[in-house]
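A.B. asks: So the protein sequences, as listed, match chains A and B. Using our numbering, read the first sequence as starting at 1 and increasing by one per residue. Using our numbering, read the second sequence as starting at 1 and increasing by one per residue.
Just so you know, the hints here were simulated from the structure itself, not pulled from any lab data. None of these values were measured; they are calculated from a predicted model. Treat the hints loosely; a few may be bogus.
[Claimed, not checked] Calculated lysine to any residue pairs in the SDA-like style (CA-CA distance at most 20 Å, straight line):
#1 B:100 x A:24
#2 B:100 x A:28
#3 A:338 x A:375
#4 B:100 x A:27
#5 B:213 x B:195
#6 A:269 x A:282
#7 A:269 x B:110
#8 B:100 x A:29
#9 A:338 x A:115
#10 A:269 x B:106
#11 A:269 x A:76
#12 B:251 x A:322
#13 A:269 x B:64
#14 B:251 x A:321
#15 B:100 x A:25
#16 B:251 x A:115
#17 B:100 x A:269
[Said to hold, decoys possible] Label-pair ranges, simulated between beta-carbon atoms:
#18 B:35 x A:31: 30 to 36 Å
#19 B:255 x A:269: 46 to 52 Å
#20 A:31 x B:96: 27 to 33 Å
Positions of the beta carbon are idealized from the N, C-alpha and C atoms, including for glycine.
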Amino acid sequence: MGAPAGLLALLAVAAATRVAAASDRFVPPDPGFVVASIRQTQPDEELRPLLDAWRADRSAATTAALANAFIARARARREPTYFGRAEAVLAPLAARPDATATLRRLYAEVLQYRHDFSGAERLLDAVLGEHAHDVDARLMRASVRLVRGDFGGARADCAQLAASGGEIAVPGFACFAEALAGGGELERALALLSLPAHPRSLAPADGAYLLATRAELRERGHNFAGAIADYREALSLAPADDSIRAALADTLAASGMNDEARETLAVDKAGIALLVRRAALTQGSQRAELASRAESSLALEAARGDALHFREAAMLALVNGEPEQALAAAQANFEIQKELPDVRVLARAARAAGNADALSVLRRWLLDTGYRDAVTESIVGAVSRS
Amino acid sequence: MKSIIAIFAFCVACLAPQSVFAHAASTSFLVVQMRDVDAPVEVRWDLSLQDLAWTVFIDADYDGNVTWQEVQDARPAISSAMLGQISLERGGSPCALSVKDFALAVRSEQNFLSVAMRADCPQRGLATVGGGLFMGGDASQRVLLSAVRGKVQLTGVLSAADPVWHEPAQPSSWNSFVRFVGEGVWHVLIGYDHIAFVLLLLLPSVMRPVDGKWQGAQGLRQISRDLVTIITAFTIAHSITLALAVTGTVKLPTQPIEVAIAASIAVAGGLNLMPRLSRLRLPLAFGFGFVHGFGFANALGEIDAAGSSLLPLLAGFNIGVELAQLGIVAVVLPLIYAMRTTRWYANGVLPLGSCALGMAGLVWMLQRV
Numbered sequence: 001m002g003a004p005a006g007l008l009a010l011l012a013v014a015a016a017t018r019v020a021a022a023s024d025r026f027v028p029p030d031p032g033f034v035v036a037s038i039r040q041t042q043p044d045e046e047l048r049p050l051l052d053a054w055r056a057d058r059s060a061a062t063t064a065a066l067a068n069a070f071i072a073r074a075r076a077r078r079e080p081t082y083f084g085r086a087e088a089v090l091a092p093l094a095a096r097p098d099a100t101a102t103l104r105r106l107y108a109e110v111l112q113y114r115h116d117f118s119g120a121e122r123l124l125d126a127v128l129g130e131h132a133h134d135v136d137a138r139l140m141r142a143s144v145r146l147v148r149g150d151f152g153g154a155r156a157d158c159a160q161l162a163a164s165g166g167e168i169a170v171p172g173f174a175c176f177a178e179a180l181a182g183g184g185e186l187e188r189a190l191a192l193l194s195l196p197a198h199p200r201s202l203a204p205a206d207g208a209y210l211l212a213t214r215a216e217l218r219e220r221g222h223n224f225a226g227a228i229a230d231y232r233e234a235l236s237l238a239p240a241d242d243s244i245r246a247a248l249a250d251t252l253a254a255s256g257m258n259d260e261a262r263e264t265l266a267v268d269k270a271g272i273a274l275l276v277r278r279a280a281l282t283q284g285s286q287r288a289e290l291a292s293r294a295e296s297s298l299a300l301e302a303a304r305g306d307a308l309h310f311r312e313a314a315m316l317a318l319v320n321g322e323p324e325q326a327l328a329a330a331q332a333n334f335e336i337q338k339e340l341p342d343v344r345v346l347a348r349a350a351r352a353a354g355n356a357d358a359l360s361v362l363r364r365w366l367l368d369t370g371y372r373d374a375v376t377e378s379i380v381g382a383v384s385r386s
Numbered sequence: 001m002k003s004i005i006a007i008f009a010f011c012v013a014c015l016a017p018q019s020v021f022a023h024a025a026s027t028s029f030l031v032v033q034m035r036d037v038d039a040p041v042e043v044r045w046d047l048s049l050q051d052l053a054w055t056v057f058i059d060a061d062y063d064g065n066v067t068w069q070e071v072q073d074a075r076p077a078i079s080s081a082m083l084g085q086i087s088l089e090r091g092g093s094p095c096a097l098s099v100k101d102f103a104l105a106v107r108s109e110q111n112f113l114s115v116a117m118r119a120d121c122p123q124r125g126l127a128t129v130g131g132g133l134f135m136g137g138d139a140s141q142r143v144l145l146s147a148v149r150g151k152v153q154l155t156g157v158l159s160a161a162d163p164v165w166h167e168p169a170q171p172s173s174w175n176s177f178v179r180f181v182g183e184g185v186w187h188v189l190i191g192y193d194h195i196a197f198v199l200l201l202l203l204p205s206v207m208r209p210v211d212g213k214w215q216g217a218q219g220l221r222q223i224s225r226d227l228v229t230i231i232t233a234f235t236i237a238h239s240i241t242l243a244l245a246v247t248g249t250v251k252l253p254t255q256p257i258e259v260a261i262a263a264s265i266a267v268a269g270g271l272n273l274m275p276r277l278s279r280l281r282l283p284l285a286f287g288f289g290f291v292h293g294f295g296f297a298n299a300l301g302e303i304d305a306a307g308s309s310l311l312p313l314l315a316g317f318n319i320g321v322e323l324a325q326l327g328i329v330a331v332v333l334p335l336i337y338a339m340r341t342t343r344w345y346a347n348g349v350l351p352l353g354s355c356a357l358g359m360a361g362l363v364w365m366l367q368r369v
C-alpha cells in the first residue's frame, strides 16, 4: 500500500499518458462550421484600453488595473485562463521587494486560486506587516487561514475585521463565527449568527455569506432542516455560487432528499464539483456518463500537475468504489484544505478503505482543534472531549 | 464556505479557492513521433482557438464565433505564429519545421485546431522541444507532450516555469534488467504478506504427515525435492499472471487481488494445522501463485518504468522476486531443518507460527475487504 503522494503521482503519470495521447483528427466538410466561440475569452471594450495602457507602460497602476480586470472576468465568466493572464502580468512585479500592497494582494488571490495557500498567506503576511489596516488583505488572510484549518489565526483576523466597522464588518462577523466553530465553540458561533437583521436587508453577497455560514454551522450541529432553509435562501441571493449549490445538495442528500439534491445540481456547464455530486446521486448509464466526464476533467488536471480538485477526485473514487484511491486523494486534499467537505470526504474515504490509522489521525485532529461535525463524528466514531 | 466571501462585489479580495469552472484551464497538446532515427520527426500540435486568438487575428467578422473558413483564411498567419512559438532540436541541432496540414480534434469536449508539422533534422540523437509555446501571456498555460520513440511512449508537461522538454536517454536492456532485478528483490523484502506466504510454504516442508500428525522428514534430498516442486509451482503460476498483467493481456482491479492475497495466507496457515490435508499444499501454491502474480504486477506498475523495454523489465523483476524467495529459503531452511525432529517444532513452532501468520492473513483480508 503506497503513500498518498506515491499513489497520486502514479495516477498523475497514468492521467498524463491517457490525456496526452492523440485523439482523432477531422476536417469539417462545411466551411461555415463553427469551430469555437471565442466571445468569452477575448478582450472586450472595457479590457482593450486596459491592455493598451499596460502595453504602453507596465507600471504598478496599469498592471493592477489589468490584473484586477482579468480576475473579475475569471470569476464572472468562469474562465480560468484569465487567472493565468492575471498571473502572467502580475508575476514580474509582485515578486519585487518594492511591489505595492495592491499588486501583492492580487497576486495572493491568484495563488489562492491555484490552491497555493501557504504562498498566498506569506504574501499577505508581508502586506499586513507593512499595512496593518489593509482590511482587504486581512479578510483574504482570514479566509486562507480558515481554509487551512488555522482557526486561531483566522479568529484574530476576523475579530479585528468585525470590530473595524463599515462594510467589512459583515464578512468579518461571519468569518469570526466560522473561526469560533472551527475551534470548538459551535453553539457560541451559532448564537452569534442569530441575525438581528434579515439577511435580505444586506447586500446580496453579504446576506448569502452570512446565511451560508449559518447553514454550515447548523448542518454541523445536525440541524439539517435549518441548514437546508438557510442554504436555499443563500442560493437565491447568489444563484451563481457553486459552493453554496454543492453544499445545499450535500445537505439534501444527507437528509435523504436525493431527488431535490439532483434538481439542485442540474445546471448548465456544471463544473467538476457539481458533476461528481450528480454522479453520486445518479444510477445506471447516466451515472457512468457523468462519472466519465468528471474523470476526464480530473485526468486533464492531474496531467497538468494542478491540485485544484483533490476533494472531488476523492469523492469520485468513492462513487467508483475505489477506496484506496479515494483515501489517497482525500489525504492529499486535507494537506491543502480543511473545510467541511474536506473533513467529511476524508472520514468517508478512511472508513471505506478500512484504514484505522487514517481514522485515528482524523479523530486526533478533531480532538486537537475542537472541530465538531455530527456527520464526521458518526463516521469516525466517538470523539471524547473533556 | 470561505469561497462565498469571493462574491463580495465591494472587495477585490475575492476568496474562492475552490471555485469550479466548466472550462478547463488553457492546455495544448503536442504529439511528437520519432519512428526512426533517420526519418523526419512528425509533430502534431492541438491548440485551443480561444488561446490562439489572443495572438492571431482569426475572427474576421467579429461575431465571436470562429468558423472553419475563417481558420482557413487565417492559415498563413496561424502557421507563422505557431512556427514562431515552437522549436525542436535533435542531437543538439535545430530541426527545420514546416506545416503540413490543418484539421480539428476534440480535446476536453472542445474543438481544437490540430496542426500537423514535419521536422527535418540534420542530426540524429535525443530530441529537445521548447519555444514560447504561447505561454507568455497566460501563466496557467500547459503543454502536454506525448512523444513516441519506436514502441516507447514518453510524456512531459511544459509550462512557463519549465518550458523545455528533453528526451530522456533510452536505458540499455542490461541496465533495465539489472535495475528491475533489484526492484523485484526489494518488493519481496518489503512485502510482508508475500514473505508470510513463503514462510507458510516453508514451515511444513521439513515435516511429513504420519497418522494425522507432523513428524520430522528424513533426508535432505526428499525435503529439497518437495520444496523445489512447491516453490517451482508457485513461481510458474505467478510468472504467468505477472506477464499477463504487465503486458495488459489481463486487467484486474487491485482491491480483490489484495484481498485474495491475504486470503491465501489465511488458508495456507489453516492448512498447515491439518497434516492430513498436506497433499493440498502443491495445488494451493500453484493456485495462489496466480493471485500473487497479479499482486506483483500491481507493485511493478507503481515503479516508474518510462523508457524501459518490456522484456528486460519483466525478466528482471521476476528474477528479482525469485532471488528474494531463494534468499528467504536459504535463511529459513537450515534453521527449520535442524529443528524438525524436535517436539517443540512439531508442536510449537509449526502450529503456532502457522496460526499466527494465518491470523495475520485473516486480519489483512478483513482490512482490505
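A.B. asks: For every hint, state whether the structure bears it out.
C.D. replies: Here is how each hint holds up against the structure:
no.: 1; hint: B:100 x A:24; verdict: holds (17 Å)
no.: 2; hint: B:100 x A:28; verdict: holds (17 Å)
no.: 3; hint: A:338 x A:375; verdict: holds (15 Å)
no.: 4; hint: B:100 x A:27; verdict: holds (14 Å)
no.: 5; hint: B:213 x B:195; verdict: violated (25 Å)
no.: 6; hint: A:269 x A:282; verdict: holds (18 Å)
no.: 7; hint: A:269 x B:110; verdict: holds (13 Å)
no.: 8; hint: B:100 x A:29; verdict: holds (19 Å)
no.: 9; hint: A:338 x A:115; verdict: holds (12 Å)
no.: 10; hint: A:269 x B:106; verdict: holds (17 Å)
no.: 11; hint: A:269 x A:76; verdict: holds (14 Å)
no.: 12; hint: B:251 x A:322; verdict: holds (15 Å)
no.: 13; hint: A:269 x B:64; verdict: holds (19 Å)
no.: 14; hint: B:251 x A:321; verdict: holds (17 Å)
no.: 15; hint: B:100 x A:25; verdict: holds (14 Å)
no.: 16; hint: B:251 x A:115; verdict: violated (35 Å)
no.: 17; hint: B:100 x A:269; verdict: violated (35 Å)
no.: 18; hint: B:35 x A:31: 30 to 36 Å; verdict: holds (33 Å)
no.: 19; hint: B:255 x A:269: 46 to 52 Å; verdict: violated (34 Å)
no.: 20; hint: A:31 x B:96: 27 to 33 Å; verdict: holds (31 Å)
The structure fails hints 5, 16, 17 and 19 (numbered hints given earlier, in ascending order).
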